[in-house]
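Asker: Below, each chain spelled out in residue letters.
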Amino acid sequence: MPSSPDPLFAGLGQAVRIGTNLLATLMVGGGLGWSIDSYVLPTEPWGLVAGLVLGVIAGIRNAYRTAQRWDHS
Amino acid sequence: MENPLHPFELHTIVPLSLFGLDVSINKAVIMMFLVVGLVTLLLTKARSSGSLIPTKLQSVAELLVEFIRGMIHETMGPDGMRFFPLIATLFLFILFCNLLGLMPGAYTVTSQLVVTGAFALGVYMLSLLVGFKIHGVKFLGILVPSGTPGWLLPLMVPIEIISQLARPVSLSVRLFANMTAGHVILGVLFGLSISGGLLIGWLPFSFTVALYGLEVGIAFIQAYIFTILTCVYMGDAFHLH
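For the record, the sequence lines run as chains A and B.
The first sequence begins at 1 in the working numbering and counts up one residue at a time.
The second sequence begins at 1 in the working numbering and counts up one residue at a time.
Just chain A, same shape as in the assembly (with noise of 0.2 Å):
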């Protein structure tokens, strides 16, 4: 994330994104799971549980990626 011109301004869009950025993923990463659960593969209930793994590695990869930018701007 670039630094806006604001500090006040950027440290708190950086804080903010985090948050919601893990929801998200999890939220995808469920729903992917249950959809290919329930329309796709026979394969009940392993396909949400991976789906649910599969997010939650994603938002924290997310997390430390967003945090990884910080030293550089």
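Heads up, some of the hints might be wrong.
[What the hints assert, rightly or not] Per the computed footprint, the stretches of chain A lying under chain B, defined by three or more beta-carbons under 8 Å from a beta-carbon of chain B, are: (1) 35-48; (2) 54-68.
[As the list claims (entries may be wrong)] Per label pair, the in silico range of CB-to-CB distance: (3) A/S38 - B/L34: 41 to 47 Å; (4) B/S206 - A/T66: 34 to 40 Å; (5) B/P145 - A/S38: 42 to 48 Å; (6) B/V144 - A/P42: 29 to 35 Å; (7) B/N26 - A/S35: 31 to 37 Å; (8) A/T66 - B/W151: 25 to 31 Å; (9) A/W46 - B/D79: 40 to 46 Å; (10) B/L199 - A/P45: 51 to 57 Å.
In short, the hints are calculated from the structure, not lab data.
No residue lacks a Cβ here, since even glycine has one placed at the ideal position from N, Cα and C.
Starting from the structure of chain A, add chain B where the hints point.
Answerer: Relative to chain A, chain B alone:
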């Protein structure tokens, strides 16, 4: 006490139907017209004087242009100036929706998931289109983080797909949830101060005043975050890795 979710209900004011679609006018639509009208009016007025020594309104408009141009240059580079009209429109529309929604009796358009979701999906689709137009099929390389060993690919690609699909979700949910939560809290506190009477009602009322100030700040920050993330996603489409 009044239901704090009551202000979010929408009722048809002018029933309209176009080609079988329901395009009735309700409070949210009127607010959108108001916002568009106000922004157009302010900006045309700011630009009409066109003097070398800027008027007050003109210098505010110039600051705004510089601010948005700075955002675009940092995330997309000079190429991104092609999208300046889009980014500026998004920022101004969301900012004025948030701010005008804080007026008592007004409706907060951005507290509807339909509105924010349509914005987020549209922006995300546009970034995908731009990416595929610039890079062609190679744009799919966005799903493979640089420096991934081959045996990790079956794990990394689904993770990247999820985090890509989460972008429009988090973009829309963030704006919608922030606006809705803020207004619900304001409504509950104000309801408490009315039902509390003079004896104890001043306490929640002072909280309402303080939170209102915070909400004005949040209106700015959420508009800023929405636009800067739009810029970041567009920038990802411009520059692979």
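Asker: Decide, hint by hint, whether the structure agrees.
Answerer: Hint-by-hint comparison with the structure:
| no. | hint | in the structure |
| --- | --- | --- |
| 1 | 35-48 | violated (count 0) |
| 2 | 54-68 | holds (count 7) |
| 3 | A/S38 - B/L34: 41 to 47 Å | holds (43 Å) |
| 4 | B/S206 - A/T66: 34 to 40 Å | holds (36 Å) |
| 5 | B/P145 - A/S38: 42 to 48 Å | violated (30 Å) |
| 6 | B/V144 - A/P42: 29 to 35 Å | holds (30 Å) |
| 7 | B/N26 - A/S35: 31 to 37 Å | holds (32 Å) |
| 8 | A/T66 - B/W151: 25 to 31 Å | holds (27 Å) |
| 9 | A/W46 - B/D79: 40 to 46 Å | holds (45 Å) |
| 10 | B/L199 - A/P45: 51 to 57 Å | holds (55 Å) |
When held up to the earlier numbered hints, the structure conflicts with 1 and 5 and fits the remainder.
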